[in-house]
Amino acid sequence: MDRILFGDNQFFGVNHASDEKSREQLIKFKSNDSIIKILDLAKIAGVNTFMCTTHDRIANICEHIRKHPADYTSYKIYPCMPYAHKYANAVTELGIMGALKAYMPGNIFSTALKGGMAYLSDDHEKMMELLVDAEMKMFHGIETPVIFLQNVVTDLLLGLKAYGLLAAFHSYIKKKYNAEAGFITMNLPLLSNVLVNLGIKHPIICTSINKEGFRMSGGKCAYEKILAEKKNRVIAMQIFGGGFISPKEAVDYVVSLEGVESILFGASSAGNIQQTISWINKE
Amino acid sequence: MGISHLSIAGANPHVEIVGVCDTSKMVLTFLEKQTPFSVYDDYKKMIDEAKPQAVILSVPTKYHAGMIEGLLDKNIHVFAEKPLTLDAATSQKLAEKAEVLGLINQVGYHNHFIGTFLEMKRLLQKNILGDVYHFTAEAYGPVVTKAKDSTWRSKQEEGGGCLYDYASHVIDLVNFSLSEIVGVSGVELKKIFSKEVEDAVYGTLHLKSGISGILSVNWSDPTYRKMSTKLTVFGKNGKIIADATELKMNLNEPIKGGSYDRGWTTISVGTIQEPVGFYLRGEEYTAQLDYFISSIQNGIRSSQHNFRQGAKTDHAIALIRKAIH
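Chain order of the listed sequences is A and B.
Numbering (this note's numbering) for the first sequence: 1 to 283.
Numbering (this note's numbering) for the second sequence: 1 to 325.
Just so you know, these hints were derived from the structure itself, not from any lab.
One or more of the hints may lead you astray.
[To be verified] Listed next, the stretches of chain B that the computed footprint assigns to chain A, with coverage defined by at least 3 CB atoms under 8 Å from CB atoms of chain A:
| hint | segment |
| --- | --- |
| 1 | 8 to 14 |
| 2 | 34 to 40 |
| 3 | 234 to 247 |
| 4 | 275 to 281 |
[What the hints assert, rightly or not] Listed next, the in silico SDA-like pairs over lysine to any residue satisfying Cα-Cα at most 25 Å (straight line):
| hint | chain 1 | residue 1 | chain 2 | residue 2 |
| --- | --- | --- | --- | --- |
| 5 | A | K21 | B | F234 |
| 6 | A | K161 | B | G277 |
| 7 | A | K28 | B | M227 |
| 8 | A | K30 | B | K226 |
| 9 | B | K226 | A | K174 |
| 10 | B | K51 | B | G282 |
| 11 | A | K174 | A | P145 |
| 12 | A | K248 | B | I267 |
| 13 | A | K175 | B | K33 |
| 14 | B | K208 | B | E188 |
| 15 | A | K86 | B | G282 |
| 16 | A | K230 | A | R3 |
| 17 | A | K21 | B | Y224 |
| 18 | A | K220 | A | L257 |
| 19 | A | K21 | A | P247 |
| 20 | A | K282 | A | K175 |
| 21 | A | K28 | B | Y291 |
| 22 | A | K86 | B | T223 |
| 23 | A | K220 | B | Y291 |
For glycine and all other residues, C-beta sits at the position ideal for the given N, C-alpha and C.
So that you can see chain A by itself, here it is in the shape it has in the complex (with noise of 0.2 Å):
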């Protein structure tokens, strides 16, 4: 993995610090272009992967990337799904049967699968590798060396004890895409445990990592710990906390720490693009 990735929080208007900024970013990049413009800027900075949500705009910049592939040699996406509040509303708005018929690939009811819904919603595997098929299609052509299981699914299935599932997503992501899974989580401890004893060798995972223990759950000392015991291939996000820390401290501080492999940050401007890289490669 690269030293640094670039996030996409800023594009969908997710803003853990200010609702207010939210809105302000949504307006920001209402265009692909404004975002395929920022992604570009990074690029000239010398960040080379962008870490995604499947968020329908994403089908965008995909397209846009396989369309200039000279301009986007060795580009790599890592994607992070599910995008959550896809499936959210969907099941809102159609109940778990609908969300699922409306997100599978094809009409798998009623040919590719014999004995359709009722097969289906018992074999939890099959069900999960036909949602992974799914976000994947907006990839195809596109490097993607790591694929993610966002938080609100890992951290879902670690409390439910569903462990096996995360395993299954792990080999599954290596079986059929020839890439690493990786974990998204608020809850390192708690996983990098579960992961251990689930026989996974080095995982990789993304958490929250900043000076102020924000989203740390466990607690801060615990996380230095598990990164100093390096089991993992950890890559730090919401280092800056949700935007409450001094930039240049927040990245001094996870910078500092040994067991970090990647850092993980995104912006909405040229000159934050650069200060950040700047302070990281500085280390």
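For this one, chain A is given, so just place chain B on it according to the hints.
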């Protein structure tokens, strides 16, 4: 919603999940195959066999009254999702019953556990705004953004509609942070996409403390990514605007012994939110269940998050319904 309660409770080291009950075969099969929990499709059987000390109830609101009554009769502590029941008098009776029996009782109004709203309540108690003369209580979000087939959310008798759902959170927040709602006027329940229930609730709320303010709630607003709740309080010495992410305050004069200056102060929730042991979707969801669990462990009866508080919100909802008819 029940599934995230289960996950949060499952991750709590002080909790042993002795049974899970649902009516959906798909959910039950999932839990049976993928989790270590014992599953039931009949809650009475679950109660008899699993003998829980406490129950988390997340079912359509119309079932609350009967189920809670039965649980209290069996001496079981209850955490119920909001609203408490569809009838204010029933809610009041359940509150009294739980108190008489000495059982821990809580309603899932998670805004009580969000740092910014807690800080607002604290500041208002310190009278930082001087004489308060007005407030606006708002929530917007994208639940029903087009006409659709009917579910329980679209049936008022089952606890559907924006008033029981989004608006109950906002009404509760007013009861919790300001003062009890004792009257309503100028109420409008508007259907936007739904056929049988309201998608928006507008009106004026009159509080026991004597002040009044505006309620404006709309769950058919697609310009929001998720539910967004905001409370703005106006006083002679300034105003406070609080949502789940920030608290913004403007003071005409700093108060004596206070740490806030004249002019604007912005507090990000991250700086004041208490951390939790397990995070899923928001600290507040874990914090409210932690509170319930520690109340049971320590025998502390909450006065702020209990059925009695829930009954006050159900009373305000009843006032709004009555104003329409």
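### Query
Regarding the pair K86/A and T223/B, is the alpha-carbon distance no greater than 25 Å?
Since the Cα atoms of K86/A and T223/B sit roughly 14 Å apart, the hinted pair holds (cutoff 25 Å).
### Query
Three or more residues of the segment 234 to 247 of chain B near chain A by CB distance under 8 Å?
holds (count 4)
### Message
Hint check: K220/A vs Y291/B, CA-CA at most 25 Å. Holds or violated?
### Response
holds (22 Å)
### Query
Does K28/A pair with M227/B here, judged by a C-alpha cut-off of 25 Å?
holds (21 Å)
### Message
Hinted pair, alpha-carbon criterion (25 Å max): K21/A, F234/B. Please report holds or violated.
### Response
Holds - the C-alpha atoms of F234/B and K21/A are around 23 Å apart, at most 25 Å.
#### Entry: Residues of the segment 8 to 14 of chain B with Cβ under 8 Å from chain A, three needed, outcome
Coverage by chain A holds here, the residue count being 4 at a Cβ distance below 8 Å.
### Query
Given the proposed pairing of K175/A with K33/B, does the C-alpha separation stay at or below 25 Å?
Holds, because 23 Å separates the two Cα atoms, which is no more than 25 Å.
### Task
Quickly compare the C-alpha distance for K174/A and P145/A to 25 Å and report which way the hint goes.
holds (10 Å)
#### Entry: Pair hint outcome, K208/B versus E188/B [Cα-Cα no greater than 25 Å]
holds (22 Å)
### Message
Checking one constraint from the list: CA of K30/A to CA of K226/B, max 25 Å. Satisfied?
### Response
It holds: about 18 Å lies between the C-alpha atoms, which stays within 25 Å.
### Query
Are the Cα atoms of K248/A and I267/B separated by 25 Å or less?
Given pair K248/A, I267/B holds - Cα atoms ~20 Å apart, limit 25 Å.
### 25 Å Cα cutoff - pair K161/A, G277/B
Roughly 16 Å separates the two Cα atoms, so the pair holds.
Of the numbered hints given earlier, the model fails hints 9, 10, 20, 21; all others are met.
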